[in-house]
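Chains as they are written, first to last, in the numbering used here: chain X, -1 to 366; chain R, -1 to 366; chain H, -1 to 366; chain B, -1 to 366.
Hints listed in this document are in silico derivations from the structure and should not be mistaken for laboratory results.
Note that the structure is a prediction, hence the values are computed from the model and not measured.
Any given hint might turn out to be false.
[What the hints assert, rightly or not] Derived BS3-like pairs: lysine-lysine, alpha-carbon spacing no greater than 30 Å straight-line:
1) X/Lys57 <-> X/Lys261
2) B/Lys365 <-> R/Lys365
3) R/Lys313 <-> R/Lys200
4) B/Lys261 <-> H/Lys261
Next come the chains, spelled out residue by residue.
There are 4 protein chains.
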Amino acid sequence: MSNRFGQLFSVTTWGESHGPAVGVVVDGCPPRLPLAVSEIQADLDRRRPGQSDIVTPRKEEDRVEILSGLFEGRTTGTPIAMLVRNSDARPGAYDEMREKFRPSHADYTYQAKFGIRDHQGGGRSSARETIGRVAAGAIARKILAQANPDQPVEIRAFVSQVHDIAMPVGAAATFPTLAEIEATAVRCPHPATAAAMIERIKQVRSTGDSVGGIIQCRIRGVPPGLGEPAFDRLEADLGKAMLSLPATKGFEIGSGFAGARLKGSEHNDAFESRDGRVRTATNRSGGVQGGISNGEEIVFNVAFKPTATILQPQKTVDVRGNPTELAARGRHDPCVVPRAVVIVEAMAALVILDHWMRHAAQNQLFKF
Amino acid sequence: MSNRFGQLFSVTTWGESHGPAVGVVVDGCPPRLPLAVSEIQADLDRRRPGQSDIVTPRKEEDRVEILSGLFEGRTTGTPIAMLVRNSDARPGAYDEMREKFRPSHADYTYQAKFGIRDHQGGGRSSARETIGRVAAGAIARKILAQANPDQPVEIRAFVSQVHDIAMPVGAAATFPTLAEIEATAVRCPHPATAAAMIERIKQVRSTGDSVGGIIQCRIRGVPPGLGEPAFDRLEADLGKAMLSLPATKGFEIGSGFAGARLKGSEHNDAFESRDGRVRTATNRSGGVQGGISNGEEIVFNVAFKPTATILQPQKTVDVRGNPTELAARGRHDPCVVPRAVVIVEAMAALVILDHWMRHAAQNQLFKF
Amino acid sequence: MSNRFGQLFSVTTWGESHGPAVGVVVDGCPPRLPLAVSEIQADLDRRRPGQSDIVTPRKEEDRVEILSGLFEGRTTGTPIAMLVRNSDARPGAYDEMREKFRPSHADYTYQAKFGIRDHQGGGRSSARETIGRVAAGAIARKILAQANPDQPVEIRAFVSQVHDIAMPVGAAATFPTLAEIEATAVRCPHPATAAAMIERIKQVRSTGDSVGGIIQCRIRGVPPGLGEPAFDRLEADLGKAMLSLPATKGFEIGSGFAGARLKGSEHNDAFESRDGRVRTATNRSGGVQGGISNGEEIVFNVAFKPTATILQPQKTVDVRGNPTELAARGRHDPCVVPRAVVIVEAMAALVILDHWMRHAAQNQLFKF
Amino acid sequence: MSNRFGQLFSVTTWGESHGPAVGVVVDGCPPRLPLAVSEIQADLDRRRPGQSDIVTPRKEEDRVEILSGLFEGRTTGTPIAMLVRNSDARPGAYDEMREKFRPSHADYTYQAKFGIRDHQGGGRSSARETIGRVAAGAIARKILAQANPDQPVEIRAFVSQVHDIAMPVGAAATFPTLAEIEATAVRCPHPATAAAMIERIKQVRSTGDSVGGIIQCRIRGVPPGLGEPAFDRLEADLGKAMLSLPATKGFEIGSGFAGARLKGSEHNDAFESRDGRVRTATNRSGGVQGGISNGEEIVFNVAFKPTATILQPQKTVDVRGNPTELAARGRHDPCVVPRAVVIVEAMAALVILDHWMRHAAQNQLFKF
């Protein structure tokens, strides 16, 4: 009872790592949108395993099939069901996990919750669940790009930190292009930092270890007015979206945790008139004030812990609670953030689009 | 379309800062719970303006009235409606705000969203909205304290940082008592730090400025198994709950942003057998793994920006977009975190209880 | 967990028959709508006890107070909280009901469900709960009246049958006016039938008995396109709305149960071109096809059982399950349908408006 | 935004009549339930086209595939995705419908709503959408059969009327067995009536026409206490569930529309002590009082209109609004009720199970 996200543009994901398939149902998609399967596939390819030498070597084509909701190349307004078959299942590769709880994985908590678990590759807790999110996000992003004829909504996430290697302050002064981000396997738009990050990942992998990192996401073109008072603030829903991703430990928007160290006189964003509309001189608010977008760039960071799977022996207990040791083996990403970039973008797109639709329904439909 | 939180134990808040009243409807409360209005009032008193010399001097009794859902001192399972009358309204005190957008407040975004706004004291965007949350949270906390006869759920939030004054590392090694927290006006359980914080707040207030801060929240007694796979992870819902509070800019759980700088071999929490059950040797996970509680203490931090209202003149624009200046005056909290402590606790209680009910409905009802 | 209705224009009702008050929170109301408390009151007055000599003599002014969501006479887009104080409480009048289950009331089922109940006047199961619905419905109806500048949505319910006295076939050939309906205490627009109905109600009341009846509701001005495929069909949501009213036992739309006796060649509504748009020659569909409005008049019937409270002694059991007899006394409506007319209209308005907003959000926001 | 049903045990259906497949995602299924694909298939076979000589000859195997949520023969508590491939697509068979609106079908309303439609076989409005409901319902029924070890919940629907041929009064005095219902192709447990119904259907089909009918559904074993006050009454949700089925025009519970003709003294169900618990002497309430089950048999009727597809030429308009005639051809059910029996049972199961879970979460989890 947890596998649905969004109120009007809503997505329901399903599937386990080593079941027959993973997939998603998108409900509430506006009709008449031209949509090709290749547009979905393009985003999935950015998420796919095996795309570079710093990610997991698991072999998955991740070919998406659209089963409903399209007619003659356009959406019909009915649910869009998409699925991706799992192909690289390895029967037997996970036998040890049937008996032992992997540290900092969801093995124990799933067992405690459900009294049963699919131990193969983490089952439902596997990041393969995010395939459905990315597929749905690709549709949302296409809609947002066309929503306002004068100004497309652009969502750009990138890796800003790996382990203790961070982009220099000011390096992201301008909105990065997709090409700049995709230029390196680590998806950091600052070439020198990217090189150091890749080096660090390779080094850590060589010791069988893993590292964490931070993704920054920036969104421009969002009109003022999205987000709701009280509970469904835009940053609250963005935060939930990001914290629902595997391995995330933190979310901050605008000034974030650093903002707690400032005075009001330093933090407030003065209003000014610019470009014919109300703008702020600075953007410590991160594009959201009182839970509602103010038309400035939305900027937030997401912290990811190091991958829990490591190729080193670890102490743990078995399903009967007896102390044991987990052998070191398996395929994994030594650092999840490069592949998570497109997932962050997808979730951001789902939030923005859903709020756009909610905003319009209440505020733009009737003329009083 | 935003004023409801929770799926099974759900709360709907309503009201504006200077309207007749603010209130809440609690739907889904378990029946037969003994409940006295004084129990609600006790939490409201911790949130109330004017309770110490470092918070706003606005005079509000904030007396709560229970209008439904109780019969002979027990809940009936029907909606519990509660309201608090606004008393310290100052007609005319907000005339300037009718014409000018206060920097880093919600004035502009509400106007952009709705095309109309109640400018008095921020209207719906006022933190008075959180009165309803605290009242509902008081009920949730009482239920949680009794939920498991063997082990009450205890939720304890406190101020861990004000401006750049933070509790020393290790100062919160043990679970703080309510008395330790309430011992000082700033609600920091480390007396020396608390004294410095209070000093800083007074100093900043004397210059008409404000400061931000951080609240830490710790929860013990939560059984393993709460939280849902995919979107409604426990940390995702806790994050949303906290980021839906006014002035919040960040949320982190367990290792948080610092965790991004660690290696997997440093970050993983080894399992061990302790106290007759599965425990972790460390708690970098912050009590949640794979989105589901693991029975360890839940620990998270919430970053608050400095209060946007300051007693210094600020540049802004008026409702027609013309540059202007905002005069310096008004009543405000120079730092919101001391009063926000009970609000953080309330929101945490709402999340934990709602997930408990959801968990039970799916996993504990039927015996297969 | 049941006290909320509607997805975008959503209402949450609260309150018991003999508690301090009953009320409602309306969330999602479009902003900028001019709204006066007198407009809400007008509908409540049509529902009020004591308005004629064929309804309950319970004395209630039912004066509504608006507590939030309005600013200078217009809605602000934030929640509108409304309450009505209960005034005619009679302590002691319900002592017998504390011990005995009234037949065909909700006494037993509430006890079985919650393990506790407010026995006074039915508590939450009292029809006083519908006060909140009527107040919210008054707002929805005003919006619908203005939604389409070319064509107001008009919702007109009336009593078409009391006991076995029904309006003659064809008597409702034209859309009845409000004046025709309000002309008689029984709210049947056919004067001769109305007179017979009133006579029947008085006669039945004189024997301490009660009767059931049928309300017909007709809605014109609804544009084609409202309603959703699959589960949230317009007739499904109208049906749920009506069957959620106290004392209802049936719902039918268009041809209804009589349609089951027809052949397809008799039942199908041929399309034709009329008034410059697609129309149907007949309206056995009742304005809805495939769950979606087709622009024709929406016509449905709601069956109400006879009032369960009668002034005759009845066999029952007490709370310990022992056989007993219920004495004959109390105040009640000998027939609920005259006062239920405005409640049916209110619920219909909530459904239509909510679907209008949902439709717009998905289908009219983006131009592809 | 309409393709989901249920709050805790929730189902999302997707798919079009002539798309690649139809399917469903079940979210919230309790874990550890033994489940075989053959159990789902058994119900789908009762719904399948071509199963007798009085239903559509469309050839569909309707073989279901389970894609997730099962592990080693048991449910895991994660979403259960199921799909059925469409096989009997006839390209070109629907060319006429691209241009013309079929009377009393959803062609026109889908076009009006979405501005686009899949005209092949009705697209999303096809009754093939109910495949997903039946598959989900099969799971719900299995759970309900085991929910209470002392008393299984049994749901039995059957055809009580076809055209003007109805079961004699009193014919369904005892709860019918599945064998009695499945004994005839028309699924009426009264053999003589069944024979007449079959005769009527064949006769009507021979003239290219169709007929409507009524399904009665009876449920026993439901404990007292399911259903919620106010909006989510058990009969309201049952009514919505049934009215969300294609071709339904009416719903009544217990005394239904006939109850409107009774007096309170005739209609009230006296309580008595029987079998060691509180029972009613009669059951005009239909097993629900005040929206909540009272432990008696739940009894309701659903009215279905005659199939809109007939093999006779009909007047209509084309997509440009010009008058035209629809040729007579196609495959169809001359009467939908025999195949709809299992769909009614499925929807009833979804409602009962969802309410059971909701009830438990609020009322049975905590002991006060």
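Tested hints:
no. : hint                  : verdict
1   : X/Lys57 <-> X/Lys261  : violated (51 Å)
2   : B/Lys365 <-> R/Lys365 : holds (19 Å)
3   : R/Lys313 <-> R/Lys200 : holds (25 Å)
4   : B/Lys261 <-> H/Lys261 : violated (34 Å)
In the structure shown, a violation is registered for the earlier hints numbered 1 and 4, in ascending order.
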